[in-house]
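Take these sequences, add in the hints, and give me the full structure.
Listed below are the residues making up each chain.
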Amino acid sequence: MKPGRFLNFLLKFYLFFTFIFIFIPIAFSLVFSFNSQRFPTIPLGNFSTEWYEKIFNDPDVWQAVINSIIVSTCTALVATFLGFCTAYSDFRYRFKLKGLYLTLVLLPPTIPLIILALAMLAWLSKLGISGQIWSVVCAHSVLTAPFAMAIIRLRLNQMDPDLEAAAWNLGGSEWSTMRHVIIPFCKPAIISSVCLTAAVSFDEFAISWFVSGLNKTVPVIILEIVQGNIDPQVNAIGTFVFLTSMTLVITAQLFFLTWQMKGARK
Amino acid sequence: MTEPLVTFKQVQKKFGNITAVKEINFEINEGEFLAIMGPSGCGKTTTLRMLAGLEIPTFGEIRLNGRLMNDVRPHERDTPMVWQTLALFPFLTVQENVEFGLKMRGISTSERKIKSLDWLDKLGVKELARRDINTLSGGQKQRVALARSLVMEPQILLLDEPLSALDAHLVIRMQAVLTQLQKELGITFVYVTHSQSEAFAMANRVIIMHEGEISQIGSPKDIYRSPANQFVAEFVGRNNILIGKVIKVTDNTATIRTDSGNYVVTMRNFEFKKDSLVNYIISADLVNFSLKKPEEENFVKCRLISEEFVGSMVTLFMESNDGTEFKIQMQERELSRFDVKNNSDFWLSWPKDKVHILKRIDL
Amino acid sequence: MFSNKKYNFNLYALTFRIPIIIWQLLFFVGPVVFMIAMSFFLVKNYRMTEAFEFVNWTKMFSKNYFWDSYWFTIFIAAFSTSLTMLLAFPASFTLAFRVSEITRRWAIFMLIIPFFTSYLVRTFSWYVILAEKGVINALFGYVGLGPYTMLNTHIGTLVGYMTLTLPLVIILQTVTMANIDRNLIEAAYNLGCKPFSIIWRVILPLSKTGMIVAAVFCFILSFGDFVAPFYLGGSQEPTLPILILDTTKSGQQWPRAAVVAIVMMLTLFIVAFGGIMTAYAKSFRR
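Residue numbers (this note's numbering), protein chains in the order written: chain A, 1037 to 1302; chain B, 255 to 617; chain C, 5 to 290.
Just so you know, these hints were derived from the structure itself, not from any lab. Please note: incorrect hints may appear among the correct ones.
The calculated DSSO-like cross-link candidates involving lysine-lysine, where the alpha carbons are at most 27 Å apart (straight line), are [as the list claims (entries may be wrong)]:
hint, chain 1, residue 1, chain 2, residue 2
1, B, LYS595, B, LYS581
2, C, LYS137, A, LYS1162
3, C, LYS253, C, LYS63
4, B, LYS527, B, LYS546
5, B, LYS499, B, LYS581
6, B, LYS367, B, LYS437
7, C, LYS48, C, LYS63
8, C, LYS198, A, LYS1090
9, A, LYS1132, B, LYS268
10, B, LYS499, B, LYS555
11, C, LYS63, A, LYS1162
12, B, LYS502, B, LYS357
13, B, LYS547, B, LYS581
14, B, LYS437, B, LYS502
15, B, LYS581, B, LYS475
16, B, LYS499, A, LYS1223
17, A, LYS1223, B, LYS357
18, B, LYS499, B, LYS437
19, B, LYS499, B, LYS528
20, C, LYS212, A, LYS1048
21, B, LYS357, B, LYS380
22, B, LYS546, B, LYS528
23, B, LYS613, B, LYS499
24, B, LYS606, B, LYS528
25, B, LYS546, B, LYS606
26, A, LYS1162, C, LYS212
27, C, LYS48, C, LYS67
28, B, LYS369, B, LYS357
29, B, LYS595, B, LYS613
30, A, LYS1223, B, LYS367
31, B, LYS555, B, LYS606
32, B, LYS268, A, LYS1134
33, C, LYS253, A, LYS1048
Quick look at the structure:
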């Protein structure tokens, strides 16, 4: 099996190399956010936190962070609510035009962001609500609701199909059952969905750039810096954004994976 | 004669073009243990669900205590059910599960606690009160599911194949538990199953369903000994069903000609017309086995084809010269008295007064 | 489940069904329909007026730069898709067949990480890495080679596209292949199929659907991205998304941008439709 083993080794090396390609920019940004050089290259300069100091002292950056937090939190709540309603409707009911209903909900992620950004900009301007924080929220929730719906729908698949009927059978009305059975059961998926949609919203730049006007979010700030000269501040912001998103994603994954395993054991 | 607890009158259920329940009429009396039994797809679960309010009849009336229930929503009925999948709430502890129905009813927290612990105790699982559902064994989950429904102190308890997920030895034990519970509490049990042994072991009355219709209603013994039609005769018990033609009718007997021979039956409730086609039915456990030609009027010579052992009972599959299959059932210790290996011809015989006759439906 | 229709037209059911419909109509269907309508509007003196004229369409279609851009975008997106699919395959193959289940799960988890880092920041990193003064050229310098120009060329654009799409493509390919019934592969070996042929004769046909889905997603993402060709490719040849960007941000020519957007959507729709038809073709015929 010698050629087989050699081949295996080659394949694994290739895999490793692929991962390197994917993670180089991330690692790079991390490393050079702590580097004193103005233009990140080798040989490395000194260890320095000046870029972090710069962004922490920049009121525009802080405002952007606050905006991003507001937008992603609101988006997460709205998208999760919409996603939950849709997932439940899909789970429980059969109705006419259900195919159209689901297409309507699941279509947005298939359209390139720049097109959505243009469409949102035009429409929201016409309605006179462009340039506000909450107009970004509206746009982002359209984009992220499908993810929320998918996560919660998967969780509902794990539910014993008799569970809802059992609750009715024991005297729970439909609303009571929703409150005491369905929602508690979906809790991990709901939390997971909130984290995920928040993370997606936090990083989204195309729609934010077009629609947010003066209320810039963090990705918009990054865009502006990047359009200017090479500025390592971007690395510092990027690392900060990365850590925030990662925390959200890990929380989401932990909740979802542990409950998926528990559910499988059932 | 008290009013029956539940009546089904001309109840029909259609799902789109498919008729799950064609037309059924029956009554359930207070305090009885009723089993609804039949093969998959016969409509028994649909019937139970209609009683629980989870399906609405397309036609007909369902009454509980005289009240028309067709439009009454499931949560407004008092018909708690024990589910096939048990449907315990995985995010609640055992005690919280049992309290659920009481909580929906608005009963106070302290009273709920007392009642739920009381019932968990009655079912022998009080020490599991704080446990996570996922840590329980199959048998324990069963008991919790029972407690959850019984704590509601209903008039009627519905059970949808609750033992189907259990291991065989647990099934026997749970059957005893259920029978005893029902007797002690006096609650009406409506038990749906596809298992003949379960239905016959526990119920005092059985409804046999087939393709959406009721084939027979009666006590287990009546159904076993006097199947009302060909389906029941084939489905229940081990019966030898021979097709025959009536060739002679006297005052108290009739002679039927079959492919394997002419046999006699004592006249009872059946109207024998000469030349009519009938099913001549003799239950496998009423057939006698011998190595020598017997004295009775009804006998046939057979070869042994195969044996089937289930615990202490053995069923012998035999074949007569013309190819008709005969089944005989006996205790294993009876069989061991015969030297089956060194003989090739055996004689089966049966008493003429134990034969059951059904009119034959030509297909 | 309730099966009687009467129960379906109640407040409870509608409460859950309606919100998303209203929301999507307001903030998805509305914008898209409006954008389509907008392509027929007029712009005079930097002000947009509602109208129904075809002038934007005729002007756009008559411009060479539009068609150049259109075909170039299709070409570069298709090329990038092919390249990404090919380069991803050995990695996905390894993950699907040559590592343990735990390793695979961890690998997929790691591949999800890039989705939640800022794509912009990663692009910026590549900009710096690929620059003339950047890390790669510095390394080449140590061995006496280079410096090579990678930025502001198609190479830059491709690197950018791959940064965007490679993780997703690897995940999709891996999951597709990992879900193949192993019995079928063993049966093929059992019948004498040689190791390399297995890939061609068994694995690829069985993963056809998943592969097509991965390719379609990859194409859609590349086709619609403006960051890679803009920052790393230097807009050497502008792609359609860059056209939209230019006409919107600088020119305020929203109707023209809408024309480009609609052409993009139609193209993508045809590609996606074609992909789905190919992917599921066999199952219909059965």
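Here is what the structure says about each hint:
Taken as a hint, the LYS595/B and LYS581/B pair is honoured in the structure, with Cα atoms around 18 Å apart against an allowance of 27 Å. Between the alpha carbons of LYS137/C and LYS1162/A the distance comes to roughly 46 Å, so the proposed pair goes past 27 Å and is violated. Taking the CA atoms of LYS253/C and LYS63/C, the gap is about 19 Å. The hint holds against a cut of 27 Å. Among the hinted pairs, LYS527/B with LYS546/B is inconsistent with the structure: their alpha-carbon atoms are about 34 Å apart, more than 27 Å.
With a C-alpha separation of about 21 Å, the suggested pairing of LYS499/B with LYS581/B holds against the 27 Å cut-off. For the hint linking LYS367/B to LYS437/B, the alpha-carbon distance of about 26 Å falls within 27 Å, and the restraint holds. Restraint check: the Cα-Cα separation between LYS48/C and LYS63/C comes to about 15 Å, which is no more than 27 Å; the hinted pair holds. Taking the CA atoms of LYS198/C and LYS1090/A, the gap is about 61 Å. The hint is violated against a cut of 27 Å.
Taken as a hint, the LYS1132/A and LYS268/B pair is honoured in the structure, with Cα atoms around 19 Å apart against an allowance of 27 Å. As the CA atoms of LYS499/B and LYS555/B are separated by approximately 20 Å, the hinted pair is consistent with the 27 Å bound. Taken as a hint, the LYS63/C and LYS1162/A pair is honoured in the structure, with Cα atoms around 24 Å apart against an allowance of 27 Å. About 70 Å separates the Cα atoms of LYS502/B and LYS357/B, which puts this hinted pair outside 27 Å; it is violated.
Distance check on the hinted pair: LYS547/B and LYS581/B sit about 18 Å apart at the alpha-carbon level, within 27 Å; holds. Simply put, LYS437/B and LYS502/B have alpha-carbon atoms about 49 Å apart, too far for the 27 Å limit, and the pair is violated. Taking the CA atoms of LYS581/B and LYS475/B, the gap is near 20 Å; set against the 27 Å cutoff, the hint holds. Only pairs whose Cα atoms come within 27 Å are accepted, and LYS499/B paired with LYS1223/A is rejected, the gap being roughly 69 Å.
Between the alpha carbons of LYS1223/A and LYS357/B the distance comes to roughly 21 Å, so the proposed pair stays at or under 27 Å and holds. Proximity of LYS499/B to LYS437/B is assessed by CA-CA distance (about 46 Å); at most 27 Å being required, the pair is judged violated. The straight-line distance between the Cα atoms of LYS499/B and LYS528/B is roughly 8 Å, inside the 27 Å bound, and the hint therefore holds. Our distance criterion of 27 Å between C-alpha atoms is met by LYS212/C and LYS1048/A, whose separation comes to about 24 Å.
With a C-alpha separation of about 19 Å, the suggested pairing of LYS357/B with LYS380/B holds against the 27 Å cut-off. Proposed proximity of LYS546/B and LYS528/B is contradicted: the alpha carbons are some 33 Å apart, above 27 Å. Annotation: proposed proximity of LYS613/B to LYS499/B holds, straight-line Cα distance about 10 Å (limit 27 Å). As the CA atoms of LYS606/B and LYS528/B are separated by approximately 18 Å, the hinted pair is consistent with the 27 Å bound.
Note on LYS546/B and LYS606/B: the hinted pairing holds, with a Cα-Cα distance of about 19 Å set against a maximum of 27 Å. Among the hinted pairs, LYS1162/A with LYS212/C is inconsistent with the structure: their alpha-carbon atoms are about 45 Å apart, more than 27 Å. Between LYS48/C and LYS67/C, the direct Cα distance comes to roughly 20 Å. Compliance with the 27 Å bound is thereby established for this hinted pair. This hinted pair checks out: LYS369/B and LYS357/B have alpha carbons roughly 11 Å apart, not beyond 27 Å.
Taking the CA atoms of LYS595/B and LYS613/B, the gap is about 39 Å. The hint is violated against a cut of 27 Å. Taking the CA atoms of LYS1223/A and LYS367/B, the gap is about 25 Å. The hint holds against a cut of 27 Å. Proximity of LYS555/B to LYS606/B is assessed by CA-CA distance (about 17 Å); at most 27 Å being required, the pair is judged to hold. Of the pairs offered as hints, the one joining LYS268/B and LYS1134/A holds, with about 23 Å between alpha carbons and a cut-off of 27 Å not exceeded.
A hinted pair counts as satisfied when its Cα atoms are at most 27 Å apart, and LYS253/C with LYS1048/A does not qualify at roughly 46 Å.
This entry does not satisfy hints 2, 4, 8, 12, 14, 16, 18, 22, 26, 29 and 33, going by the numbered hints stated previously.
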